[in-house]
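Enquirer: Each chain, written out:
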Amino acid sequence: MNHLHEDEVKRLELTANKLRQHVITSVANAKSGHQGGPLGMADIFAVLYFHELRHDPKNPDWEDRDRLILSNGHTCPIRYAAMAEAGYFPVDELMTLRKLGSRLQGHPERTRLPGAETTSGPLGAGLAQAAGLAYAAKMDGKKWRTYAMTSDGEHEAGLHWEAMLFAGKYRLDNLVCIIDRNYIQIDGKTENIMPLDPLRDKYEAFNWHVIECNGNDVRDVVRAFEEAKAPEQKPICIIAHTIPGKGVSYMENNYLWHSQPFKPGEAEQALAELRAEEEKLNADHR
Amino acid sequence: MFNKNAKLADNALAADVPMKPTRDGYGLGVVEAAKIDPRVVVVCADLTESTRNLDFKKLFPDRFVQVGVHEQFLAAGAAGLAMAGKIPFITSYAMFCPGRAWEQVRTNICLNDVNVKIVGSHAGVSVGPDGATHQAIEDIAIMRPIPRMTIIAPCDAVEAKKATLAAAKMVGPCYIRFAREKTPVFTTEETPFEIGKALTLREGKDAAIIACGPLVHNALKAAEALAAEGLDVRVINSPTVKPLDEAAVLAAATDCGAIVTVEEHQITGGLGGAVAEYLAKSRPTPQEFVGVPNVFGESGEPMQLIEHFGMGVSHIKEAVRRAAARKAERSKG
Chain A
1 MNHLHEDEVK RLELTANKLR QHVITSVANA KSGHQGGPLG MADIFAVLYF
51 HELRHDPKNP DWEDRDRLIL SNGHTCPIRY AAMAEAGYFP VDELMTLRKL
101 GSRLQGHPER TRLPGAETTS GPLGAGLAQA AGLAYAAKMD GKKWRTYAMT
151 SDGEHEAGLH WEAMLFAGKY RLDNLVCIID RNYIQIDGKT ENIMPLDPLR
201 DKYEAFNWHV IECNGNDVRD VVRAFEEAKA PEQKPICIIA HTIPGKGVSY
251 MENNYLWHSQ PFKPGEAEQA LAELRAEEEK LNADHR
Chain B
1 MFNKNAKLAD NALAADVPMK PTRDGYGLGV VEAAKIDPRV VVVCADLTES
51 TRNLDFKKLF PDRFVQVGVH EQFLAAGAAG LAMAGKIPFI TSYAMFCPGR
101 AWEQVRTNIC LNDVNVKIVG SHAGVSVGPD GATHQAIEDI AIMRPIPRMT
151 IIAPCDAVEA KKATLAAAKM VGPCYIRFAR EKTPVFTTEE TPFEIGKALT
201 LREGKDAAII ACGPLVHNAL KAAEALAAEG LDVRVINSPT VKPLDEAAVL
251 AAATDCGAIV TVEEHQITGG LGGAVAEYLA KSRPTPQEFV GVPNVFGESG
301 EPMQLIEHFG MGVSHIKEAV RRAAARKAER SKG
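Protein chains in written order, with this note's numbering: chain A, 1 to 286; chain B, 1 to 333.
Don't take each hint at face value.
Claimed, not checked - Using 30 Å as the maximum straight-line C-alpha spacing, the simulated DSS-like pairs for lysine-lysine come out as follows:
#: 1; chain 1: A; residue 1: 99; chain 2: A; residue 2: 263
#: 2; chain 1: A; residue 1: 234; chain 2: B; residue 2: 57
#: 3; chain 1: B; residue 1: 57; chain 2: A; residue 2: 138
#: 4; chain 1: A; residue 1: 58; chain 2: A; residue 2: 99
#: 5; chain 1: A; residue 1: 234; chain 2: A; residue 2: 138
#: 6; chain 1: B; residue 1: 35; chain 2: A; residue 2: 169
#: 7; chain 1: A; residue 1: 143; chain 2: B; residue 2: 35
#: 8; chain 1: B; residue 1: 58; chain 2: A; residue 2: 142
#: 9; chain 1: B; residue 1: 35; chain 2: A; residue 2: 142
#: 10; chain 1: A; residue 1: 229; chain 2: A; residue 2: 10
#: 11; chain 1: A; residue 1: 138; chain 2: B; residue 2: 35
#: 12; chain 1: A; residue 1: 18; chain 2: A; residue 2: 99
#: 13; chain 1: A; residue 1: 142; chain 2: B; residue 2: 57
#: 14; chain 1: B; residue 1: 20; chain 2: B; residue 2: 197
#: 15; chain 1: B; residue 1: 57; chain 2: A; residue 2: 169
#: 16; chain 1: B; residue 1: 242; chain 2: B; residue 2: 169
#: 17; chain 1: A; residue 1: 169; chain 2: B; residue 2: 58
If you're looking for bench data, these hints aren't it; they were derived computationally from the structure. Bear in mind that the values here come from a model prediction, so they are computed numbers and not experimental data.
Bound conformation, chain A alone (with noise of 0.2 Å):
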């Protein structure tokens, strides 16, 4: 079904397992921040950075490159992590996270981090964000696409509403907004704070070419942002069904885990955990 070579799955696995592992090891490290979110999101974040998105990690601000613009700013641990394993800083400044003075706030900010976009954290604003992108480009004639992370919750604010009906009517194709369909909120399920379901339906409702794919299998997000290409001029979202804490036993499916500081010994056996995987990935593949 689709064409990826196995070296290439294998790669971003691995990759998706080392930004999982950074995610708990900063996070375990600043004492607070969440968890969650950015490694249910890791196989994502993966496939953006290291095969989907055009981009130059020693240019940050290069003209032509794609955008993405991370909605749910809570999760960025995850870009943190992909943006230093891509180049775009060092490895080791992922240990300021959330401290006095670094680049990497508790939610990112545009003017202190090359790369990071937009500034994002109060939720909802992120598609409009992307979708004003997506406009410009088109006026301008120009062919970088913009990405839009988001997070199912954060599909309660009225704002990302109006952002889906701006890109519905004018048909832009070089939109794609993913989301984090994991199911989970801070209070909770998503389906007994505010019931999002249908949500495919809504999105065709509003205009746009829906796709899905299991967010946590680096081969169907390949085909997913594949599909994303085919033009439709229509807005293209995709709901990557993933599982909030993938990797870590504990966490997976534990909404309680969308932010919690750690206990001692959890971050751990976390680590435990991913490095175990990490080895069977190699093994599997070799």
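With the hints as your guide, set chain B onto chain A.
Expert: Showing chain B alone in chain A's frame:
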């Protein structure tokens, strides 16, 4: 006596002074700005005519973006346009943007430090019959504490056009406040305008009025009337509320020893507050505040409402007398 350098219109205080809304000045200014700079775009939230964007839309249809009644998107989407190099003028009623879109203005525009110009029309109680829901009298107060924000409240249509052009030229977030109603056009093309600079319109040393917006005209009338009573009153037009022209404020406090601030806005958090905050630390000076006294507006005729809420010429005169009396009291003590 008028400051000659202010180059006010000869008929500035005459009965035949021409009348025009400041929003008209925006409409002319944004078209001119667009001719000068191809990056200028207008983003509109279903108020093309009343925010004076019809000419822009006609002349630059490809640079006119209609977003509908989406004020939060108006601000957040414009942040995206600006990130891609555009200079968006986002236009609505001040009540809705920046009013409704405050957090998007704060986080997506100012914290992001992107080059978006916020055009808030229909500010003040002079919106008139529409009533309190549409009378933005808190807009300056909600913009002032946001870092990186520049705030301009032009005094007439001529200054409004200059402010629009200057906003397009400066780099960074800027809020410009316009009024719906026709008000006197008393400055001229030759009247100096620079963001961050106040301008002395009338010399004087017994008290100084520092004003912004169309009420500057009332301040001038009050000063003229007080001259007949032997009070020599300086009138300063301070269109830029932020950054405040501190040198002009300090000079007014030093030379005149009594200050009256005048604005069509809540007294809380407006120009008066900015002046008071500055003087409290640099040169504490008796100050009286003309503005809306922390109440909501209501329906009525525009000029009727200006009087009703205590911002008429007689109220300004009273405030000057009070400030001058406090100054005299102080020099006795």
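Enquirer: Checking each numbered hint in turn, tell me which of them this model violates, lowest number first.
Expert: Violated: none.
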